[in-house]
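**Student:** Spelled out from the first residue to the last, the chains are:
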Amino acid sequence: SQELEQSPQSLIVQEGKNLTINCTSSKTLYGLYWYKQKYGEGLIFLMMLQKGGEEKSHEKITAKLDEKKQQSSLHITASQPSHAGIYLCGADVGSGYALNFGKGTSLLVTP
Amino acid sequence: DAGVIQSPRHEVTEMGQEVTLRCKPISGHNSLFWYRQTMMRGLELLIYFNNNVPIDDSGMPEDRFSAKMPNASFSTLKIQPSEPRDSAVYFCASSSGGSTEAFFGQGTRLTVV
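Listed in order, the protein sequences are those of chains U and G.
Residues in the first sequence are numbered consecutively from 1, following the numbering used here.
Residues in the second sequence are numbered consecutively from 1, following the numbering used here.
These are computed hints drawn from the structure, not numbers from a lab.
The beta carbon of each residue, even a glycine, is placed where N, CA and C say it ideally should be.
A few chain G residues facing chain U, derived, Cβ under 8 Å:
1) Ser31
2) Gly42
3) Leu43
4) Leu45
5) Tyr48
6) Phe91
7) Ser95
8) Glu101
9) Phe104
10) Gly105
11) Gln106
12) Gly107
With a straight-line Cα cutoff of 20 Å, these simulated EDC-like cross-link-like pairs (lysine to aspartate or glutamate) come out:
13) Lys78/G x Glu14/G
14) Lys64/U x Glu5/U
15) Lys64/U x Glu54/U
16) Lys68/G x Glu18/G
17) Lys36/U x Glu101/G
18) Lys36/U x Asp92/U
19) Lys68/U x Glu3/U
20) Lys56/U x Glu101/G
21) Lys69/U x Glu5/U
22) Lys51/U x Glu101/G
23) Lys68/G x Glu44/G
24) Lys69/U x Asp92/U
25) Lys68/U x Glu54/U
26) Lys51/U x Asp92/U
27) Lys38/U x Glu101/G
28) Lys103/U x Glu101/G
29) Lys103/U x Glu44/G
30) Lys27/U x Glu54/U
31) Lys78/G x Asp63/G
32) Lys27/U x Glu44/G
33) Lys56/U x Asp92/U
34) Lys78/G x Glu18/G
35) Lys56/U x Asp66/U
36) Lys64/U x Glu101/G
37) Lys78/G x Glu11/G
38) Lys78/G x Asp57/G
39) Lys36/U x Glu3/U
40) Lys68/G x Asp57/G
Working from the sequences, and respecting the hints, build out all of it.
**Tutor:** Next up, the structure:
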């Protein structure tokens, strides 16, 4: 089955610092979904990437799918406490829907 | 729209009892997913419905688990009999199909003692 590896597993950064979360697959990704989950709550959709080299931004969060479509990165610029939570990547392996998710990256932003 | 609605939010039950989790997807969405989230295994897809028909149930762990979608606005996930290892947060999500974003409910935290 498709397996997604996220790194790092957890991250503590000081407010205002930049950070990057990676999602790597051993197989080609036909669609890559980024979600954010606040502790004890459901997942909130952030972005979807489909084309190799595609890059999308929303406020201070930028996500990119590499040319080979096997890795995606999520970059947060000038982090804020509101960015804290668990970030999960989900992969479409050709079925047209998010099939598997990585185990998530837990982000804590300190004042 | 109120989003995807799941009930109950929390469920504590004794081992061996039947548990039924409920989900109301967003109106107009034709795809529905049930996921299970644990610390050890992360978020796992259990079953996927499209137009009320189960398309992919390869993630359903055992025969103790069953899911139904009798109509476009309601789905259930049943565990019978429940076991302590079933303790997890169960999420329902819906989408308008294709490669589009899925909207998640708030989840049901199940504890089997």
